[in-house]
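Colleague: Protein chains in written order, with this note's numbering: chain A, 1 to 320; chain B, 1001 to 1335; chain C, 2001 to 2608; chain D, 3001 to 3309.
Bear in mind the hints are in silico, worked out from the structure with no lab data behind them. Honestly, I wouldn't trust all of these hints.
[As the list claims (entries may be wrong)] A few chain B residues that don't get close to chain D, going by computed Cβ distances all over 10 Å:
(1) 1052
(2) 1071
(3) 1114
(4) 1134
(5) 1141
(6) 1152
(7) 1170
(8) 1242
(9) 1268
[Said to hold, decoys possible] Pairwise CB distance ranges, derived in the manner of DEER restraints:
(10) C/2413 x B/1310: 56 to 62 Å
(11) B/1325 x D/3051: 28 to 34 Å
(12) D/3051 x B/1314: 41 to 47 Å
(13) C/2393 x D/3047: 35 to 41 Å
(14) B/1310 x C/2217: 41 to 47 Å
(15) B/1314 x D/3092: 25 to 31 Å
(16) C/2081 x D/3222: 51 to 57 Å
(17) B/1143 x A/62: 55 to 61 Å
(18) D/3047 x C/2081: 47 to 53 Å
(19) D/3047 x C/2444: 27 to 33 Å
(20) C/2227 x B/1075: 35 to 41 Å
Everything numeric in this text was worked out from a predicted model, so none of it was measured. C-beta atoms are modelled at their ideal positions from N, C-alpha and C, and glycine is treated no differently.
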Amino acid sequence: MSLQVTDLRVYYRTLAGDVKALDGATFGIADKEIMGLAGESGCGKSTLGNSLIRLDGRMKYVAGSVNLDGTDLPIWDSDEMVHYRYMEVSVVPQYAMSAMNPTRKIGKMVSELVESRGVSYKEIRPEFERRIDLVGLRRDVTDRYPIELSGGMKQRMVMVISTLMDPSLLITDEITSALDVSTQRAVAETLVSFRDHGFVKSMMVITHDMSILYQIADSILVMYAGKLAEKATTEVIIGRPLHPYTRMLVSSLPEVGVRYADKKLTGIPGGPPSLLHPPTGCRFRARCPLAFAKCEQEPPFVEVEPGHWAACWKATGSDA
Amino acid sequence: MGDRVRRYFGRKLLTYSITFFVAATIDWLIPRFMPGDPVASLVSRTNGISPDAAKALSDYYYNLFGLNQPLPVQYLNFWGSLLHGNLGLSVYGHGAPVTDMIMGAVPYTLALLIPAILLSWWAGNSFGALAARRRWLDSTVLPMGYILTATPYMWLALVLSFLLAFSWRIFPLSGGYGFNLEPTLTWLFFTDLVAHWVLPFLSLFLVMFGGWAIGMRNMIIYELESDYSRYLEVLGAPQSLVRKYAFRNAMLPQITGLALQLGVIIGGQLVTEIVFSYPGLGHLVFAAIQSADYFLLQGIFLFIIVGVLVANFIVDIVYVIVDPRVRVSMTGGTA
Amino acid sequence: MQLGKSRVLALLAAASIVASACGSSSASPTPGATPVPGTPAPNATPAPATPTPAASATGLPATDSTVYPREQTLYTSGKQWGAPSTWNPLDPNMAMGVLGLQYETLFLYDPIKDVYTPWLASGGDWDSAKTTYTIHVRQGVTWSDGSAFTADDVAFSINLAQNKALGSNLFDYVTSAAASGNDVVVKFKANPAYQEWAQWLYNSPIVNAKIWTPFNNADILKNLNMNGVGTGPYTFKTAAQDRMVWVKNPKWWATAALNLNVAPTYIVDIVNSSNNVALGQLLSGGLDLDNNYLPGIAQIVNGGYNVTTYYAGAPYMLSGNTAWLVPNTKKKPLDDPAFRKALAEAINPQNVVVKDYGNIVAAADPTGLLPVWSKYIDAAEVKSLGATFSTAKAKADLAAAGYKVGSDGFVTNKDGSAIKLNLEVPDGWSDWMQAETLIAADAKLAGININPTHPDYNTVVADRNGTDKAAPVFDLVINNDVQIGNTPWTYYDYIFRQPEIAAGPARNRNYEQYDNATAWALVQKLDQTPVEDTATMKTICSQLQKIQLTDTPIIPLWYNGEWSQVSNNVWTNWPSDKGAQIQPATWNGYWQMGAIYMLTNLKAVPKS
Amino acid sequence: MSATSPAEARESAGPIISHQVAAPEGKPRGEFLFFALRSKKFMLSVVILAVLAVVAIFGPIIDSTDPVAQNGLPMQQPTLDPGNWFGTTYFGEDVFAQFANGLRASFFVGFLGGGLAAVIGMTVGFVAGYRGGWVDEALNMITNVFLVIPTLAVLLVITSYLQARGVMFEAVFIGATSWPWAARAIRAQTFSLRSREFIDLAKLSGRGSRQIIVSEIASNMSSYLLLTFILLFGGAILIAASLDFIGLGPTGGISLGLMMYNAVTWAALQLGIWWWFIPPGVGIMATVGALYVMNVGLDEIFNPKLRTM
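Construct all of the structure, not just a fragment, from the sequences and the given hints.
Modeller: Below, the structure written as structure tokens:
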């Protein structure tokens, strides 16, 4: 088990009050595992992703622990976390297109970055260039400015940079959403190859797009309204999901590449509840076709069968 | 690449020269458009002389200023003599060459403008950047910036001159150098020169400083919120590096600002020089306005136009050097 | 060339200042941010009462001629409105002091005592027929280049008037001027213009024949004559955009001949800047004599600044010239004497005197004759004909003259058309701009609609003088061109000048375009009256006054002051009605009206 | 370059406005109000401006003395008794009346001048930025010419033909000459928006350029445009002040700049009439300063990134 998250709670401070964006998450990612993290926008995916590496100004750590390769990450202490960022945990951000300083040559920027982390650019350069070849870029991109690269090139470049320190955990956030379908595939495959080359030990792939996960993820974790809904191997989630919400997500699969953020979820009225004052009990209750009395109480996230977790009274079969 | 650059600057130069031509022509029209007869005004200032003497004097001035030629000829002469750096003769100076009068004043103006602009730009930007990271500065000193930049130049100048020169006698009240001195290469003269320079400089500096500081402070905050900053932070880069990048990028728009500033600041310059009767161009403009000397005005404005265009062109060049984005877009990203 | 020099210096300024600025990282560059003690500009003198010699503090030799020790220097301002640009004594735009300090005249004239004092002439006299005048040239006078001053120089200077480029009318009544020994004999045509000749004697510079002969041609005015050779108490030191500096001429003839000695070693005349700068310089002891109009003098003389004026109380100043209203007598309704008279009665100059000038000027006599000419005023005529302020009488006279009051309360033309008179004064002439609003307000009460405007100076001149294309279009302007002088003839010549002068720059008289042959004949008769024959002068003047007060070609308002504010911090014994009664002005023409004695009277304040 | 606009320099210098335009998706209006009420900068500036506005609007009503009537005692110190709160000038004019009316004039100039400049700047900026190509080139040229011709010179020529010029004229003149920097800025913004998908969408749906500019670009830049207007507003006031100061202001009436001009001409400071000199300066400082602060306040409200809480 390379990553173990236990009852992690991270809220957003707003003038109106705390938004419970991540309200108790417990799961793990094994070595070599690529875990997909799926859910509607605003369900807390990104919050989870960010909280594992850097809490921004408005995020507040409430409770829970994150253990990476046997060491607890001090995620509540930004200064302490610095030592783990990039080295142990790294990110390929959503905004990869604009992640590189527009006024620095890429090579120069990378060297300044790694040197600032106490790594000699000179020593790491050969490996850096090897990986540039690997993602199919010309080595001289290091002498270019970001503006000189196409979207896909930037995307790949950022992936190389983010993984240069061979982190134990790589978090990728919606990296494909801005790309056309063919490039999406390429990027997805690159991710897998990174794992296979051992540039990263395990990966958390945050995305809207189930189809991508279907291609590359070993397991999929589905979130809804700040809580974990279901986790299992990709086959299980796609084949026989237990949680009604998961079913809906999966139902959108055939139309490859279409993100259901774009289209209304079939047949289900309303949207996710406000996380400012989330409802008691099962948070999916309001939209759930199968909702019944028991759902007044909050369903636990339990292992219904080996390697298959779900938070639904129906799923756990205890509906008597 | 090379000829791309050449084409880029070529186009710039063309635009600038057309702009110059238009502006200069408008400028030339000023004295011709003005109602009244400058010579008549000049003569009428010499009261008590006999009508015959007045006649003789006016004839003398008419052919001195070459006003007894048809307009088209005057226009051609204007461009012709312009090439020889000849801007005609000043009414205010009773026939002294405008070029000489301008050249006599320009150094004072530059001696005020260049340090005031560059120093305020430098100090303002550094301070703004500082304020952007130090909360207490942001909430204490920065408000001063707003007050300063909202102060009319002449008002600040008047307050300074009243307090520091008139009441407390720390600095001289007016003039370019002591009325008790003649220009010599002596320490005495030099210090006196500087003493007279300080207050006008200060009034320009302070107002501009406020503007730069605020501008920079805001730009920096935007840069610190930008994606590349976040990416660096996520990868655990130290604040020093993040700020280095943010400052560098925030600087770029400030350079454009500098270009516009260089031209427009003449306004502040004008009133400041008037307050301290500092013998620069602004003071000359005022004198020209007061004595309706439109030849002198025409000359000064022409000079300003050129100055502004040159300044803008320099900034264009600087920008190409400092901002890779411009450079790249110019060279079309070929590699 | 002074401009060349200022360029060098300013480049130095630029270079040095940029250097010092870049050297310092803070807002105020420390090098020289505070003046070196003892060597501040005059306007920064720490304590005017105890001036430190500039030199001593810096170890520079006290004789360093590029630093003027405060206690040896007289700072003046008020004459120079632009950078000094020509030092040609024949050019009316000559720099301050060229005629008076550097070049001199044959006589001086004292308008207060009405006496002529021999100066470069040791005397002069008419023959019995009064058609030949013999000038006795003073002996022992030397030019500043050391050469001797001779009768030839005088004869040459008189004959310069034949140079058309100078447009002098001297030879309209003079036939010849020739040196004979130490005398110069001037022969006149019949009925010489005695008044004008007397004026010429104390107003025209005597130049060096040898030096000026080559310049005596059509381009004589193009000779800027910087650092020229004169006979006067001062010689050219330096000049710049903002100053004119004279240095004492140690070999001045009058020291030996008349035991006169000018006190200041240096005279620095500062080009006029704004009111408040000038006032600041005066109050902080940086200026000794200011001949500008300054506001609030009444407060300042009692403000403990050690600043005084000619009179300790109102009107504080001598009267220098008369400000009067010029009506365009070629336009309705101003072509009607009755209307002009009513207008004169409607205006209360006292308003301007008090509200605008705060009592530093005096209301003018109905004749407009300056106090120095008061002996020519015919009290009887004034009493019977003089217009005095009375809104009621103005209304009555307007009604009597057939001007009916319209619905808007303003009188209308006889044909019923509305009357709206534009009163123009040049923009920026702050005291006059105040005056015109007060005048308009007064006129309004009497039902006369005056619209106060202040276009720029060029426009005012164009409207007033007219151009070769257009006749004068103004309704009303204010004018004060006639300065004090030796004869009221100048005043009447100005008002009644005939025939009408062609419109344009040359028209500098009779703007009101009033033509009255009788009056003009009298003016010429006055001109041809010997200056000592005051009896005849008086009779002619009273006849002229009768015409003037009846027809009101112009409307005298107030006596503009001979603005003169002096600081007693460094120099004392200034002219005043209690002390030496001397003209306290540096303006053109005043030096030879006795102001030169101001310099010989001055005493330096002893260093305490 | 205009010798008359020290103010422009400052806006163009400090891009006090964000150079990013808020993302297209609209936010609920309520949110603006919500944050506005909590923004210290914004509220402070609103309060200051409100106070000044009250003085400008009601001052002349409370104290109805003609600001240029010389009917008081000259040079009276300020006292508490009504009609003499700010004392009197060298000529016995009521300084408070001058201040209130001057403030009114300044607001007027700011509003009209700033507004006009904003309109011109936006039109030029939008068209140049949206159309691009030779239209852009041409408009750029015009902008440059306006940027370099000495507007003061033009003003001199015009004024010498006008017997009398009012505050209205001054405002219009300032509006007509102070727009170039705004045009440049807006052009740049439009440029960046032009390439966004939602514009292409609008194009595909066959809407005309005018519609697109108004309904798509302008609406998405609304906050930016407001900020621009605020800066032009403050700028116009400062420009007017310096015009008045060199004697090219209104020939009649009163304005803060004219007060300053008169106070200096009549040597108020040397004569110790500080109460004549101080108010106009402070008035302008407060007005323009408040506008600038409001600008930044609003900026932070419009751009969530900048909200610090």
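Colleague: Work down the list of hints and note, for each, if the structure agrees.
Modeller: Hints and how they fare:
For residue 1052 of chain B, the non-interface assignment is confirmed: its Cβ lies about 31 Å from the closest Cβ of chain D, beyond the 10 Å cut-off. A cut-off of 10 Å between C-beta atoms confirms that residue 1071 of chain B is not in contact with chain D; the least separation is 16 Å. The beta carbon of residue 1114 of chain B is kept farther than 10 Å from every beta carbon of chain D, the shortest such distance being approximately 15 Å. For residue 1134 of chain B, the condition that its CB be more than 10 Å from all CB atoms of chain D holds, with the nearest at approximately 13 Å.
Annotated as non-interface, residue 1141 of chain B keeps its C-beta farther than 10 Å from every C-beta of chain D; the closest such distance is 14 Å. A beta-carbon of chain D comes within 10 Å of the beta-carbon of residue 1152 of chain B; the shortest separation is about 5 Å. With 10 Å as the threshold on Cβ separation, the claim that residue 1170 of chain B sits away from chain D holds: the shortest Cβ distance comes to roughly 16 Å. With a least beta-carbon separation of about 15 Å from chain D, residue 1242 of chain B lies farther than 10 Å from that chain, consistent with its non-interface assignment.
The claim that residue 1268 of chain B is not at the interface with chain D is violated, since a C-beta of that chain comes within 10 Å of its own (minimum 4 Å). Between residue 2413 of chain C and residue 1310 of chain B the beta carbon distance is about 60 Å. The supplied range of 56 to 62 Å therefore holds. The hinted range of 28 to 34 Å is not satisfied by residue 1325 of chain B and residue 3051 of chain D, whose Cβ atoms lie roughly 45 Å apart. Range check, residue 3051 of chain D to residue 1314 of chain B: about 44 Å between beta-carbon atoms, so the 41 to 47 Å window is met.
In this structure the supplied range 35 to 41 Å is violated for residue 2393 of chain C paired with residue 3047 of chain D, their Cβ-Cβ distance being about 59 Å. Separation of residue 1310 of chain B from residue 2217 of chain C is about 44 Å and conforms to the stated range, judged on CB atoms against 41 to 47 Å. For residue 1314 of chain B and residue 3092 of chain D, the Cβ-Cβ distance of about 53 Å falls outside the hinted range of 25 to 31 Å, so the restraint is violated. At about 54 Å, the CB distance of residue 2081 of chain C to residue 3222 of chain D agrees with the hint of 51 to 57 Å.
A hinted range of 55 to 61 Å is violated for the C-beta pair residue 1143 of chain B and residue 62 of chain A, which are about 37 Å apart. In this structure the hint that residue 3047 of chain D and residue 2081 of chain C lie 47 to 53 Å apart at CB holds, the actual value being about 49 Å. Between residue 3047 of chain D and residue 2444 of chain C the Cβ separation comes to about 44 Å, which falls outside the hinted range of 27 to 33 Å. Here the CB-CB span from residue 2227 of chain C to residue 1075 of chain B is close to 38 Å, well matched to the stated 35 to 41 Å.
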